[in-house]
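First to last, the sequence lines map onto chains A and B. Numbering follows our numbering, in which position 97 of the first sequence is assigned residue number 97; successive positions increment by one, without gaps. Numbering follows our numbering, in which position 259 of the second sequence is assigned residue number 432; successive positions increment by one, without gaps.
A few of these clues could be false.
[Claimed, not checked] Covered by chain B, according to a simulated footprint, are these stretches of chain A (three or more residues, beta-carbon under 8 Å):
1. 41 to 53
2. 58 to 66
3. 110 to 123
4. 153 to 166
These are computed hints drawn from the structure, not numbers from a lab. Idealized CB from N, CA, C, for every residue including glycine.
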Amino acid sequence: MSVGAHPSQPAGTEEYQPVFTEQMLEQLNEILARYPTRQAALLPALWLVQRARGWISDRNMAEVAEVLGLTPAYVKGVVTFYTMYHQHPVGRHFVQVCTTSPCNICGAEAVVQALLEATGAKELGATSPDGKWTVIEVECLGACGFATPVLVDDDFIESVTPDRVPELVRKYK
Amino acid sequence: MGFPHKPHPKETVLLSRYFGEADARNYKGWVKRGGYAALEQARAMEPARVVDIVKDSGLRGRGGAGFPTGLKWSFMPKEKKKPHYLCVNADESEPGTFKDREIMRWTPHALLEGTAIAAHAIQAEVAYIYIRGEFTEPLAIMDKALTDARSAGVFGKLKIHLHRGAGAYICGEETALMSSIEGKRGNPRIKPPFPAAAGVFGMPTTINNVETLAAVPHILTKGAVWYKGLSLSSPKSTGTKLFSVCGHVQQPGNYEVTLGFPLKDLVYELCGGMRPGRTLKACIPGGSSVPILDRAETESCLLDYEGVVERGSMLGSGGVIVFDDSTDMVYQIMRLARFYAHESCAQCTQCREGTAWTTKILERILAGQGKTADLDLLLDLSENMTGKTICVLSDSCAAPVVSGIKKFRSEFEDYIAGRRKPVMVA
Ligand SMILES: Cc1cc2nc3c(=O)[nH]c(=O)nc-3n(C[C@H](O)[C@H](O)[C@H](O)COP(=O)(O)O)c2cc1C
Ligand code: SF4
Ligand code: FES
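Work out the full structure: start from the sequences and follow the hints.
Here it is as structure tokens:
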């Protein structure tokens, strides 16, 4: 996952670089062929944007709206419904830890604390000073028998315990 | 098998037989194991015949509601006037449930084969497999399996597509799932119209769970009579079921048993029982949306659709959450309520306000600021959240609260009376 626009940059002054050009447009066309409506390609299109830019800005939403024949407000309404779309830049590595009841009783809170410490992110949802890490708590990841599951970017890691955390964190550049 | 552990002799491994065998993931490996023979068999039959076989097998939906699968398929128009769709529910987000993930990770072709058979039965030309966004590994494995099977030409004219979710438990509810495929917010819709009349894109649609469809090839090859014979109790509960067991057991994992299997044996034998020195306090037998069982109920419960209802709960998705005597039930019930408050789509007042308010009251009780009247207030609220909303997420929040207060009332009272050290909740 790449870092998106830096938050200190005033939004909207730099020239907008469209996401959907050449190869990306081709990918989008492949996706469009799977559905009877253009609107149905919205979730996959947003995934493409997030993969390319690290997060989804208002201007990205406007572009997606235009490409799919929707309004920017409609696209924003959808983006805000789903928790996995980032509406703000996040660290280079995005960490999701399950803390729902089954994982909670197996020690998930200690895993969260260990991750906040080892990554330097310190606070849930905050990005570490080096821009590398953002850690958040999420609800059930569908792997409750492998407590505590942690998702680092696209890597789904099972059975994480606090003592495994430092080594896990070291693996990411 | 009790994946990731060795299979237990008391298991009946059908769906989980190849869990852990990497070769079964590959198209060739799957065919070597008899894969796609059932699809060929089904294709040689009239769609209505396939529906009848599944009806006769007694197979019921494994996604939570337990609706008879063949009957559901039979609701689709027989005479085709519009495009038909099949949606496969791989959103698996119900706390305690992690079986569909294992099916997709180890036997992706079993799901694809079941999907293709179901599509034939309901005359669908397109099937969408809706996989939750966090399931990165199952997504990659399903994608490869789909590409391989497609290039081998096994699906004929049928088009199967993967659709990735983006983080929303509610999208597992069938009408919300359809909204999400259509590129909308994942809001459930009022029924009727039912999906078989007007589903995804307004067309006749059937929605089935991953495990339901993975069982279908076995029914085709071995027959409805054989499948129906797989039952330890009621003829209304047939076949095998994967139970995901988590929480305070020695060996959490997925265990496949014939329906009617004693919950007690699942917990104490297959899962190795409690940790040393601990005893069982409570159990949620069907994913977090069903009522909590106390120890006596757990130990006398048979795992079939009727047996769990007899004990006051539901079989649901088969996600078994076990709590031992070290558990603070008030805290865990608050944690579950918070899950529903977080996941409510907020369309219905009872649900939007009720889930948030329930969580707040439970947090206040934990903080030592509860009043005796709070318990009645919680029960009252729960009453108003049950059977009054577009979908049953609201009811699901009430289930652990009502059963929890009924069965573990003294723990709530201890917090309220100041007999227990307050817990500050972040
Ligand atoms: C809030 C809510 C969440 C649900 N989540 C899931 C899910 O993640 N997976 C699933 O298969 N069914 C889920 N269901 C049940 C589906 O609505 C539907 O009954 C099921 O997918 C039908 O398939 P089946 O008949 O094969 O079980 C959920 C229901 C509700 C109300
Ligand atoms: S019950 Fe809750 S989740 Fe279901 S539709 Fe109403 S508000 Fe949404
Ligand atoms: S509760 Fe943590 S993965 Fe399900």
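So, against the hints stated earlier in the document, which numbers end up violated here?
2 and 3
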